[in-house]
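Q: Residue numbers (the numbering used here), protein chains in the order written: chain Y, 1 to 371; chain Z, 1 to 517.
Everything labelled a hint here was simulated from the structure, so no lab data went into it. Watch out, some of these pointers could steer you wrong.
To be verified - In silico DSS-like links for lysine-lysine, alpha-carbon gap of 27 Å or less:
1. Z:164 <-> Z:119
2. Z:164 <-> Z:205
3. Z:205 <-> Z:446
4. Z:323 <-> Z:367
5. Y:245 <-> Z:164
6. Z:235 <-> Z:205
7. Z:323 <-> Z:482
8. Y:245 <-> Z:482
9. Y:245 <-> Z:367
Only a predicted model underlies this, so the values are computations on that prediction, with no experimental measurement involved.
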Amino acid sequence: MAEKTTQNPQGWWPQMKRLLLSFSVPLGAVLLALIIGAIIIEVSGASAWKAYTALAKGAFGNAAGWQRTLEKSTPLIFSGLAVAFAFKAGLFNIGAQGQLLFGAITAAWVGFAVHGLPPGLHAAVALAAGAVAGGLYGAIPGALKTYTGAHEVITTIMLNYIAMGFTDYLANGPLKDTTPGNIVARTPAILDSAKLPTWGWLPFGFVLALIGAGFAWWLLQRTTLGFEIRTVGQNPHAARYAGMKVARTVILTMVISALFAGIGGAVETQGVVGRYEPGFNANLGFDGITVALLGKTNPFGVIPAAMLLGAMRAGSNVMQFKAHVAQEITDVVQALMLFFVAADMIVRWLLRIRAAEEGEKITLSTGWGSH
Amino acid sequence: MSENQTFALEVRDIVKRFPGVLANDHVNFNLRKGEVHALLGENGAGKTTLMNIIYGLYHPDEGEIFVNGRKVTIDSPHDAIRLGIGMVHQHFMLVPVFTVAENLILGAEPTKGLSLDLKAARQAVVDLSQRYALEVEPDAIIEDLPVGVQQRVEILKALYREAKVLVLDEPTAVLTPQEVEELFVIMRQLTERGVSIIFITHKLKEVLTIADRITVMRRGRVVGTVRPQEVDEAKLAAMMVGREVVLQVEKSPAEPGEPVLQVRDLVVEDERHLIAVDHVNLEVRRGEVVGVAGVQGNGQTELAEALTGLRPIREGQMLLGGKAVPPRNPRYLIEHGMAHIPEDRQKHGLVLSYTIADNLVLCTYYKPPFARGLQRNQAAIVENAEKLVQQFDVRTPSIFTTAGSLSGGNQQKVIVAREFSRPVDLLIANQPTRGLDVGSIEYIHKRIVQMRDQGAGVLLISAELDEIMSLADRIAVMFRGKIVATVKAEEVNREQLGLLMAGSPASEVLGQPQPAA
Numbered sequence: 001m002a003e004k005t006t007q008n009p010q011g012w013w014p015q016m017k018r019l020l021l022s023f024s025v026p027l028g029a030v031l032l033a034l035i036i037g038a039i040i041i042e043v044s045g046a047s048a049w050k051a052y053t054a055l056a057k058g059a060f061g062n063a064a065g066w067q068r069t070l071e072k073s074t075p076l077i078f079s080g081l082a083v084a085f086a087f088k089a090g091l092f093n094i095g096a097q098g099q100l101l102f103g104a105i106t107a108a109w110v111g112f113a114v115h116g117l118p119p120g121l122h123a124a125v126a127l128a129a130g131a132v133a134g135g136l137y138g139a140i141p142g143a144l145k146t147y148t149g150a151h152e153v154i155t156t157i158m159l160n161y162i163a164m165g166f167t168d169y170l171a172n173g174p175l176k177d178t179t180p181g182n183i184v185a186r187t188p189a190i191l192d193s194a195k196l197p198t199w200g201w202l203p204f205g206f207v208l209a210l211i212g213a214g215f216a217w218w219l220l221q222r223t224t225l226g227f228e229i230r231t232v233g234q235n236p237h238a239a240r241y242a243g244m245k246v247a248r249t250v251i252l253t254m255v256i257s258a259l260f261a262g263i264g265g266a267v268e269t270q271g272v273v274g275r276y277e278p279g280f281n282a283n284l285g286f287d288g289i290t291v292a293l294l295g296k297t298n299p300f301g302v303i304p305a306a307m308l309l310g311a312m313r314a315g316s317n318v319m320q321f322k323a324h325v326a327q328e329i330t331d332v333v334q335a336l337m338l339f340f341v342a343a344d345m346i347v348r349w350l351l352r353i354r355a356a357e358e359g360e361k362i363t364l365s366t367g368w369g370s371h
Numbered sequence: 001m002s003e004n005q006t007f008a009l010e011v012r013d014i015v016k017r018f019p020g021v022l023a024n025d026h027v028n029f030n031l032r033k034g035e036v037h038a039l040l041g042e043n044g045a046g047k048t049t050l051m052n053i054i055y056g057l058y059h060p061d062e063g064e065i066f067v068n069g070r071k072v073t074i075d076s077p078h079d080a081i082r083l084g085i086g087m088v089h090q091h092f093m094l095v096p097v098f099t100v101a102e103n104l105i106l107g108a109e110p111t112k113g114l115s116l117d118l119k120a121a122r123q124a125v126v127d128l129s130q131r132y133a134l135e136v137e138p139d140a141i142i143e144d145l146p147v148g149v150q151q152r153v154e155i156l157k158a159l160y161r162e163a164k165v166l167v168l169d170e171p172t173a174v175l176t177p178q179e180v181e182e183l184f185v186i187m188r189q190l191t192e193r194g195v196s197i198i199f200i201t202h203k204l205k206e207v208l209t210i211a212d213r214i215t216v217m218r219r220g221r222v223v224g225t226v227r228p229q230e231v232d233e234a235k236l237a238a239m240m241v242g243r244e245v246v247l248q249v250e251k252s253p254a255e256p257g258e259p260v261l262q263v264r265d266l267v268v269e270d271e272r273h274l275i276a277v278d279h280v281n282l283e284v285r286r287g288e289v290v291g292v293a294g295v296q297g298n299g300q301t302e303l304a305e306a307l308t309g310l311r312p313i314r315e316g317q318m319l320l321g322g323k324a325v326p327p328r329n330p331r332y333l334i335e336h337g338m339a340h341i342p343e344d345r346q347k348h349g350l351v352l353s354y355t356i357a358d359n360l361v362l363c364t365y366y367k368p369p370f371a372r373g374l375q376r377n378q379a380a381i382v383e384n385a386e387k388l389v390q391q392f393d394v395r396t397p398s399i400f401t402t403a404g405s406l407s408g409g410n411q412q413k414v415i416v417a418r419e420f421s422r423p424v425d426l427l428i429a430n431q432p433t434r435g436l437d438v439g440s441i442e443y444i445h446k447r448i449v450q451m452r453d454q455g456a457g458v459l460l461i462s463a464e465l466d467e468i469m470s471l472a473d474r475i476a477v478m479f480r481g482k483i484v485a486t487v488k489a490e491e492v493n494r495e496q497l498g499l500l501m502a503g504s505p506a507s508e509v510l511g512q513p514q515p516a517a
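Model the full assembly from the supplied sequences, consistent with the hints where possible.
A: Below is the structure:
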């Protein structure tokens, strides 16, 4: 899609058509992945139809299923927003995982260590702390890129390992849950006052995620800062020519991107897990890459993409139980989706979609020193 | 020449369609043996499409191609080469670190057993140079050679592959006037030895000098084929554009006021940290156009980038309106009255994926009325675009069209509209009409003179001598990073400028010692 803030008033149908067309590759990728997944299930001797209906039932069959789906989707929306937001400035933030971990553990620490705050305020402070922790961690690759030219893909990958190691150490050392009998690496449980509520089947975190997506869209499309970010992403040379401060914009974009990841971690801690425990956050940040690509790096596209992945996670248990298909098949299907979105030529060829238009393409990574 | 001769190359009724465009509409074109046939036309007239069809890069939707009277199909450049058709591209396809001989044989290497026969390669260069009277040193490294000689190597490459038909695509764009003359001598030598040449260009003077016949294309069609004796520049321009064109810019004598740009002992480095701008002194006053003439690659790009804040200044001083400017700060310059038409409009001047409306506020998006607090003001942006598109005659279906889908001329008009819509004290225009059609050139020249007459100073950097001669009030010639002479426009002629651009000392060319600028 062409970058547009000044909307074309030429009627809703052509616009709708263009929007649908621009999502035809992700939709095709999902379809292809499901078909290949079905073939694998059939070959392994189970019924693909039974498996998929069980999966859908598990995810959407009742209120509990919906709640599970929304809970699983929430951190994915945030990490997807993180990756998508950075994309708009031409940055590939692979570090959402590390940023999310820092957000999660910081929120947990504020959640159990700070006493005496009223419930709403405590939760808000913990959330904010998680966001800031994630954001600051994202400032590192931004600054490294700006001042040393180090490519953000490499630095964010490395920083992920540091984050995993460091949070593991904290959960196993200074912040370890010292309740008698505990032997695993985890922090103490957060206080009730820091917990995020769930209204019926609707987790508050999911509402926050929707607000986050709207905020990301508004920031990118409606503000002067967003204009700068998109200009730097589309053509850094022109940005410099126009007097924009490219270095500042790159750092700021990484910080905002990482803020989303940090909130994602905090919401997971405060809304679902109730403490920091490493295993619960595994891959949430990495899956943000899949979510962002499936959503065409559009903040609103991220929501259905995250919900799709969330639903597959929420329903996989029921599928294993009812259709006797190992839940790992959902990982295979998800990997295939990413594969087909990345190798979009395959989908275009199969669905006879014309080649990407200028500006519609997503550059996965710019070359060394291209700025 | 008899009427029923066979042509070296002939195309009949070629039709080529692209989505939404008829690029070639029943094009007929023939090339006699041993002639120079110029193909003239604006950008987008269909010249390149036709040549790509002849060279096998495109497949025509309709029509036939004949080589030496025999009907052929050309599916790839490989076929074209086999049929004796050679192409010299505007951008050379040479390996800079290889020798002439090595480049020549690239892709068709003579071998001895498993190893490369470099002796045979050298011999081939010597033989070819002799046969076609093209002097080239076989052991010279390409990157050490002047551009004109590199071009000779490209021509030799085609001849080595036994080309009998040579397509030269805008070959003079990168040459000094002297090198152009040398190229014309070479072209004559080649045609005398039986080579036929298709000469693609948009420069009217050159066509009248060298061509035996001229075919003019416009909007995918052949407008006509004429002999140079039958036409003049004005007639050719009218054929190209489809209407009368004012080739000479009308302007009154300059009335220079106070200096608006002063540059003292400016030193600027290029990417490799070599000195590209070497102690340059310049002054531009209100109400005058100062032209910087020079062959491409003599430091003009670095000079323009330094003056517009895009490149660090190593030494020296730059004053805008009498005040020193902060380093590397385009925004300061924009806010203090500088407008800039950049050399590369697609790289620096525009965000191609943005709408025209967004491109028109690229430099002022953060200021009222285009911004209200944090938010952008859509209504003001749209209103601004509608006004400027009309005022600057940008041909576009809508202000929401992306800049990337406009023609080069209209892209440039968007840039001019944006830059001229602010209060301007100093305009820096770097190659403002490169690659544009005659109509757009006329328009942009008119606007630049208007800007001068409104009291702005203009620094015009151009590799086109004609542009410099017709627009500038004073001319500074740049050679290897230095300003080698600054002269009043009326006191110098083309030949003198050409010699200065090629590095001849000013004292010899102008007959008197030059005072420093």
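Q: For every hint, state whether the structure bears it out.
A: The hints, checked one at a time:
1. In summary, the hint linking residue 164 of chain Z to residue 119 of chain Z is supported, as the alpha carbons are separated by about 25 Å, within the 27 Å threshold.
2. Annotation: proposed proximity of residue 164 of chain Z to residue 205 of chain Z holds, straight-line Cα distance about 26 Å (limit 27 Å).
3. Between residue 205 of chain Z and residue 446 of chain Z, the direct Cα distance comes to roughly 21 Å. Compliance with the 27 Å bound is thereby established for this hinted pair.
4. Restraint check: the Cα-Cα separation between residue 323 of chain Z and residue 367 of chain Z comes to about 23 Å, which is no more than 27 Å; the hinted pair holds.
5. For a cut-off of 27 Å, the pair hint linking residue 245 of chain Y to residue 164 of chain Z is broken: about 54 Å separates their Cα positions.
6. For the suggested pair residue 235 of chain Z and residue 205 of chain Z, the alpha carbons sit about 12 Å apart, so the restraint of at most 27 Å is met.
7. For the proposed pair residue 323 of chain Z and residue 482 of chain Z, the alpha carbon gap of about 24 Å is at most 27 Å, so the pair holds.
8. For the hint linking residue 245 of chain Y to residue 482 of chain Z, the alpha-carbon distance of about 31 Å lies beyond 27 Å, and the restraint is violated.
9. Between residue 245 of chain Y and residue 367 of chain Z the alpha-carbon distance is near 15 Å, which keeps this suggested pair within the 27 Å criterion.
In this structure, the hints that do not hold are numbers 5 and 8, in rising order.
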